[in-house]
Amino acid sequence: MSMLRFNHFPGAGMAGAEGAGTAGEGMELGVGRRVLLKYRAMIGEIGPQVPEFLPHGILIFFGPQAPAELREVSLVHSGATLQGAIEVGDWLCFREPSDDGGEVGRVFTYRVTAVGEVASANLAELGHLVVHFDGAAEAALPGTISVEPALLHLPPVGTILELLRLEDCHEL
Amino acid sequence: MPYRAVKISRGRGGWGGPLVVKPEPGKDLIYCVTGGGIHPVAQRIAELSGGRAFDGFRSSAPEKQIACVVIDCGGTARIGVYPMKKILTIDVKPSSPSGPLMKFITEQLFVSGVRPEDVTLLEES
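For the record, the sequence lines run as chains V and F. For any residue, its number in the working numbering is found by taking its place in the first sequence, counting from 1, and adding 65. For any residue, its number in the working numbering is found by taking its place in the second sequence, counting from 1, and adding 1.
A hint or two may mislead.
Here are the simulated EDC-like cross-link-like pairs (lysine to aspartate or glutamate), alpha carbons at most 16 Å apart as the crow flies [said to hold, decoys possible]:
#, chain 1, residue 1, chain 2, residue 2
1, F, K86, V, E137
2, F, K8, F, E48
3, F, K104, V, E117
4, F, K87, F, E108
5, F, K65, F, D29
6, F, K86, F, E108
Bear in mind the hints are in silico, worked out from the structure with no lab data behind them.
Given only the sequences and the hints, what does the whole structure look like? Please build it.
Encoded structure:
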């Protein structure tokens, strides 16, 4: 299954900045699995040249301190502390703000299929992440990650960006 | 200190260049967007050329003040954005042109795999 609706799970369905704990905390799902939240930030700005990358299936993220010329091509987010390296099998999750002011907007989830060797360092240091929505088994470049499926929807301003890992947890 | 021209050659596995960087009054920033402070390559360019090392993640400056940019890009964004703006771009990683912006990445604008020892005064080289 390529799309999971984490908001069906208890405590995981918030769409606003308030959430179920801070990044790094494990969240019990009650069925022998838990969510490890590695990164969580809010997209606050979408550069005017971001759409030019969409036909290539690429989104570029930067943290809040990115200089102006890089913001033009980036989704600029609020930044966070990375709680553990990005790994194949992690989930990239976009929690969109709701259209009608309700609590929960749409949630789009992508599975990480490849991680470039400097991708985690870039994210930790600069909030910088380049995502190829190509499902590749090997990252195209050291700074990129690949995910599947193809990009379903460009996340709008206000979207919460998360990287998380679902872990089996046998010691409940 | 007067400004001097420096030559920046590709390092092992690198691509492009060599570039010649000579700061000018009002256009003398050695603009470092590597994160983690001023990269040794940017420091070396600044010392030899008389330009000012500048951390693009800590402060902002108008593009027209940039003599050259030092990046550590493994990929898609920084490697393309600065050449697209016709700014001389020095990548400390041995990257080759790639990504949606690759058409902007030329040997006249971009050099990669650069180490401090690949930066020399133009007269010496």
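Against the structure, the hints come out as follows:
1. Distance check on the hinted pair: K86 (chain F) and E137 (chain V) sit about 12 Å apart at the alpha-carbon level, within 16 Å; holds.
2. With a C-alpha separation of about 13 Å, the suggested pair K8 (chain F) and E48 (chain F) falls inside the 16 Å cut-off, and the hint holds.
3. Annotation: proposed proximity of K104 (chain F) to E117 (chain V) holds, straight-line Cα distance about 14 Å (limit 16 Å).
4. The straight-line distance between the Cα atoms of K87 (chain F) and E108 (chain F) is roughly 12 Å, inside the 16 Å bound, and the hint therefore holds.
5. With a C-alpha separation of about 9 Å, the suggested pairing of K65 (chain F) with D29 (chain F) holds against the 16 Å cut-off.
6. Of the supplied pair hints, the one linking K86 (chain F) and E108 (chain F) holds, its CA atoms being roughly 14 Å apart against a limit of 16 Å.
The structure fails none of the hints (numbered hints given earlier).
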